[in-house]
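Protein chains in written order, with the numbering used here: chain A, 1 to 312; chain B, 1001 to 1300; chain C, 2001 to 2334; chain D, 3001 to 3537.
Check before you lean on any hint, since a few could be wrong.
[To be verified] Cβ-Cβ distance ranges computed for the label pairs, FRET-style:
(1) K1130/B <-> P2069/C: 46 to 54 Å
(2) E1133/B <-> E54/A: 38 to 46 Å
(3) D3366/D <-> A1078/B: 28 to 36 Å
(4) S3166/D <-> Q50/A: 24 to 32 Å
(5) K123/A <-> T2318/C: 28 to 36 Å
(6) S2075/C <-> S1202/B: 55 to 63 Å
(7) P31/A <-> P3310/D: 16 to 24 Å
[What the hints assert, rightly or not] Taking lysine to aspartate or glutamate and the EDC-like style, the derived pairs with C-alpha atoms no more than 20 Å apart in a straight line are:
(8) K123/A <-> E2095/C
(9) K3429/D <-> D33/A
(10) K3203/D <-> E54/A
(11) K3313/D <-> D3209/D
(12) K3042/D <-> D3518/D
(13) K7/A <-> D1140/B
(14) K52/A <-> D3518/D
(15) K221/A <-> E2095/C
(16) K2131/C <-> E215/A
(17) K3268/D <-> D168/A
What the hints contain is simulated information worked out from the structure, not anything from laboratory work.
Since we're looking at a predicted model, the values are computed, not measured.
No residue lacks a Cβ here, since even glycine has one placed at the ideal position from N, Cα and C.
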Amino acid sequence: MFKFVVKRLFAMIPIILAVTFVVFTIMYFTPGDPTNVILGNEWSETASAQLKAELGLDQSFIMQFFHYVKNLVQGNFGMSYITRAPVGDQLLARFPNTLIVVAGAMVFCVGVGVPIGIYSGVKPYSLFSNVTMVAGLLGVSLPIFWLGLLLILLFSVQLGWLPSSGLDSFASLILPSLALGSNYMANVMRTTRSSMLEVIRQDYIRTAKAKGVNERNVVLKHALQNAMMPTITVIGMNIGALLGGVVLTETVFSIPGTGRLLVESINKRDTPTVLGCLVIMAVCVAISNLVVDIIYAYIDPRIKAQYGGGKG
Amino acid sequence: MDETVKKYTTRKEFFKQYKKKSRLQETWNRFLRNKTAVLGLFIFVFIMVVAAAAPLIANYDDEAIKINVPARLKGPSAEHIFDTDEMGRDILARIVHGAQISLVVGFSAVALALFIGGAFGAIAGYYGGKTDEIIMRCMDVFLCLPDVLLALAIVAAFGTNLVNMTVAIGLSFTPKFSRVVRSAVMTVRGIEYVEAARAIGSTNAHIITNHVLINCFGPIVVQVTLYVASAILTISALSFIGLGIQAPIPEWGNMLASGRAYMRDHAYIVVAPGLAIFVTILSLNLLGDGLRDALDPRLK
Amino acid sequence: MDIKKVNEQENTLEIKNLVIHYISDDEVVKAVNGVNITIKAGKTLGLVGETGAGKTTTALSILNLVPEPQGKILSGEVLLEGRSVFSMNPLELEEVRGDKVAMIFQDPMTSLNPVHTVGAQIAESIAIHRKVSKQEALKQAKEMLELVGIPGERANEYPYQFSGGMKQRVVIAIALACSPDLLIADEPTTALDVTIQAQVLKLINELRQKYHMSMLMITHDLGIVAEVCDEVSIAYAGRIIEHGNLEDIFDHMRHPYTKGLFDALPDIEARRSELKPIKGLMPDPTNLPTGCPFHPRCDYAMEICSQSLPQTKWISETHCVECHLYNDTNESRL
Amino acid sequence: MKKHVVFISLFLVLIMMATMLGGCGGSSKKPDAGAKSAATAKNPPKIAEPTKTVDPKANLNADITIVQQLDMVSFDPIATSDLSNRYIITNIYSYLFAQDRYLNSTPELAKSYKRLNDSTWQFEIHKGVKTHDGKELTADDVVYSLQRTQKGTAIGALFKPVDKISKVDDYTIQITTFGPYPALPTALTHVSCGIVPKHYLEKAEASKDWSNPIGTGRYKFKSRIIGDSVVMERFDGYFNKDDKALNKSLTFKIIPEGSGRTIAVETKKADLNVVFDTVDYDRVVGNANLQLWQHPSQLVWHLGYDNTNPNFKNKLVRQAINFAVDRKALMEVGHNGHGTVVFNNATFAPTCLGAVNNPGNKYSYDPEKAKALMKQAGVSGFDTEIIVFRDEAERMAVLVQSYLKVIGINATVKRIENAVFAQTIQAHKAPMFITSWGCYWDPDMFLARRFTKAGIGGVNRVWYQNPELDVMIDKARTISFDDKPRAEVYGQIQNFLAEEAPEADLYVNNMYALANKDLKGVEINVEMPHNYYKLHY
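Let the sequences and hints guide you as you build the complete structure.
What follows is the structure, given as structure tokens:
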């Protein structure tokens, strides 16, 4: 298993590099002279040239990228054009909030979506199953930001139960998690349900039943592990989508996370910060893909065996 | 083989025998039996008709754009059944005209993604091997960036306007389409009529366009339907955070953003545009699911 | 292992007038339409028929495993040593499954759970029915593996590490783990290579004899029947159209369908140059013909065949047939 | 079966939504303009007066949370004069003179001052002023700080009359001006005149990193999460023991969304909302647990444009724009009608010295006249951009956009962050913009900064300059120490600028602050709630 993780970790490096390259390239083409933003009315040809030299902006694209990556490896995301403070500090202050929201949504999405999906997959013709199917269909179609607003309208404005903004208590995490997670919860639920339906029809389930395994163990010991594979894939794919959605959630609920920092920085034309936000989110997606792969390997003996550590 | 070919006057006719004539008909019948899918189709057609007929329903300049401050936030009435917004414009009129923007951008973005992603995917899937490996690794890199973020990055770099946004969304969907087309191509690649075409010496390009892509049509239609929904969602999401379609053009996301300050007392201002997004996405999802089930009955 | 009471007189399995239909929104599949089967203790019955004749459904009904909710048991009963399977509660059913009755499935490739080791899958059955510890169960599972000809140490491996024939041996080991009274083998060799088929068949037969089990051998291969069975039932469109012991069926077959089955066999001794396939296809189970379901394909079809279902006609004590040719007025036409 | 369920559920959802709407819609019958219903409100707004006495039993150790709309920009006092920034950083730094509620000066660090002659001032600072890191503040620090301010652009014209800033002894500094400058103490209240200890300032100037400011103010900086919050704690070493903070700490929370800020106060997550969104006016005046505080305002919302931009070089076009916009409607959209419309082009609030509400009765909402002026100017139309950074302004901009369209100007609305507004202006990237200007009572404090060369790069955001105007501004400053003759000149200036139309002033909005009913010490000046150090329970 250890070998597997190490191998995947190494495989991640070129991907992260490539993503950084893509984002860096896009941001490189941002029109306009950044020294305009930084220097404001102190701008002059010489000052601009001097600053460009200082920031390394006078170098070739490849060299700039090389320097960026070099700094990145040392945990240095560069300096914000606007505040002149290290981008890394801002990310450090903001990113935990994003993680909390994503984690909250994740817990909601897995904790609610998977059990419901399993149950309605095992009993596909029950009323419960039908209702959850419809709820799932509606759920995947709900725009995060609209749901967020409706939740605020209902739970903060009308009922006054939960806070509508910020992220400073457990209560304030509930609505953002719901808003961000519902979409993906529905997705996870639908996937779990259909893979459960698929698995429950498999011959080996019949074999298990023919052995006299009781209904509960048929589901838990035989069906679940097999049914979870597509679900885990979907969950893994959703982490990326969750990180995209977090931009909206943070905007709706005024949460000071990376997503809002990204939007603010775009509005400020603060390229280093924009870049930093995008890179850290991409790294996050890459890491979560890795985690999914590991879980996958843990569940599926075929993959586990490939890396020898299966029995150990 | 030669003898077999002789029996048919043209190559086209030769291939015809491999395709079940009634496949389309059969699929359509299966689709019609799926009531939820038909509901989705019905709603979506309705939305398209409404979008197309928007000028007949409400005058763009007079009702969706023209600001009428004394009429602002007066509450729902017979004249303005969904209330008026913070500028005194009829919310319904703006929603109806907003549908046009959403659909146009949604379809163009997906068309772009399909064109670029499809080309890459088809090449990767058809040639396989190294080509496939290289193209798909590149696409994987893009998949590491959630599409909203990729779109945001592009919009951030090149500015917010309709074209940039369409391109941004289109590009952010490209890797997904390349995957869809690739796997579709890979499944049909091994099928006999393609082999047959290869055997009688068709060029690769000809095979890709005339045989492989035509037969990938089914899964692609499904994906197009679902991604148009995604595209519409992304447009309104970008507009909602102020990096999409700009005022005064009515778009559902920017209606939500500008109206939210008033939602405490005037719920329609956020409920109505959001409902429009929701119903559109829902109809496309129902339609997409239905099409998928109809095209591949095993996946029911 | 328990020592089983073996009562020669007792019927291990009795299926009486079983009717099972699969009912969905769009259609009704009439899979089983009045099947009667009896297996005496220690005996082997061969159930022969084409694909879609309702053999597997019949077999599944014995374990009450007909897929729900589409599969509806409309009438009839299945008696295991006199107890009705359909009136058992879930707990009783779980006790019967794997312990009293075990089943070998057609496709070994899909019959094993890919995420559990084969040892665990065998041990599970033992643990459930023998109430032994996990280690003990695993130990016995290894013994079972050895018994079916697989080294015991391979118990820790996963199904994907086994070949098809090996997998079927594992499936057999699972089925025999608790030495059941009745073994149902649902086309156990169909999915295997020809060379493996004989080995597996031999294994099943040996083990059956060793444990004095009754067996229901479902197959479409008359050769297998000749090798392992005591009695034979010929199934067609969800009915048993002819039943008898090996001699009755192989030498004195009566039903035109049975005759057709034999004619379709390549006869090496006679070296006939051409096989005689039965004309037409198995009727669509959603749309069975009226009267005798075989009449559209039957060379001897009469007017009455399309109008009414033939009655069971006992020709001898061991041999019966369902065909209008053998009702009193039409005797000895064949 | 499944299908029926789907249909029914879809239907149910629609009903659910309709019901929810009904629930929410119930409150939507109330009239919009809060001002009209103020008379019937249970709990009408109170005028916020300066805190005179403090109840001996009062809790002076409260942790106060203040919500505002936008984040601060920088702790560098000369970085910007942005409102969202100013009222945060003034708690960290001390000033020679603080602002009172009319933005006039009141001594803080200055123990005494005297005018040696018409152009020489001497200021004596308090002894024993401690910086947050424990050093003593001396004249060196003050001189170094103010000299930097003088060079900066944020203060611009305010220091234009200032010649030299020098040290006399450790506790005395001297400022010489180019002639009489009676408003110097007021100028020294400007945010950019915050005194930053020299040792810290040198470090910060070199690194440009202002993330851990050191000052001598009533509060020590504790932490900041950009875009979210700033926390500061009472500085017990503050030199003026009699005027220390009346609370233990201040937390500034950024909640961009208006109702969110109201809800924060309603739910007691915040004590004071300093940027009250009038959308919630009716709701809060009906809530006995809350108190809405009010104060006459001098915050002038205006539509500015870059007078150096070819499109706006023509005076007739500028006038046309002034005729094209309906100020009352803008006030309705911007602040739900809570304010006073002004027809002015010199950012004079109606309460300023010599203010004329509609100089020469020149302007009114008259699209026809606007069209005629455009025709006369020979301009058929052009494309431009309106820069905004606040919600209210964005709404107004959309309305302005529609007004401009009538006269052939196609404007797009562009929202940016407040942090980059100054740079955007300075880079000539804001052809049009909508923002507010908090003006002093004495027009001399802003006229030169806003409409002369000295303000370029600072708050002369419209890039307007005219020698004729410069002469008039000088005249108004020096003509007399009496108000009346000066007011007359200011009248002339307003007439002059009405004709020149360097910008279009729109309205002055009512100044509100929302607190829970128990909070004491709420003070509001003419541009914003202020003196947060007095907040207590």
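Now for the hints, and whether the structure bears them out:
In this structure the hint that K1130/B and P2069/C lie 46 to 54 Å apart at CB holds, the actual value being about 51 Å. Between E1133/B and E54/A the C-beta distance comes to about 42 Å, which sits within the given range of 38 to 46 Å. One distance hint, 28 to 36 Å for the beta-carbon pair D3366/D and A1078/B, holds here, with the actual separation near 33 Å. The given range of 24 to 32 Å is respected by S3166/D and Q50/A, whose C-beta atoms sit roughly 31 Å from each other.
With their beta carbons about 46 Å apart, K123/A and T2318/C fall outside the hinted range of 28 to 36 Å. At about 59 Å, the CB distance of S2075/C to S1202/B agrees with the hint of 55 to 63 Å. Under the hint 16 to 24 Å, the C-beta atoms of P31/A and P3310/D, about 21 Å apart, fit the expected range. Among the hinted pairs, K123/A with E2095/C is inconsistent with the structure: their alpha-carbon atoms are about 23 Å apart, more than 20 Å.
Restraint check for K3429/D and D33/A: the C-alpha separation of about 12 Å stays at or below 20 Å, so the hint holds. Proximity of K3203/D to E54/A is assessed by CA-CA distance (about 18 Å); at most 20 Å being required, the pair is judged to hold. The suggested pairing of K3313/D with D3209/D is violated, with an alpha-carbon distance near 39 Å, which exceeds 20 Å. A C-alpha spacing of about 17 Å is found between K3042/D and D3518/D, which places the hinted pair at or below 20 Å, so the restraint holds.
At most 20 Å may separate the alpha-carbon atoms for a hinted pair to count; K7/A and D1140/B meet this at roughly 18 Å. As the CA atoms of K52/A and D3518/D are separated by approximately 54 Å, the hinted pair breaks the 20 Å bound. About 18 Å separates the Cα atoms of K221/A and E2095/C, which keeps this hinted pair within 20 Å; it holds. Between the alpha carbons of K2131/C and E215/A the distance comes to roughly 18 Å, so the proposed pair stays at or under 20 Å and holds.
A hinted pair counts as satisfied when its Cα atoms are at most 20 Å apart, and K3268/D with D168/A qualifies at roughly 14 Å.
When each numbered hint is compared with the structure, violations occur for hints 5, 8, 11, 14.
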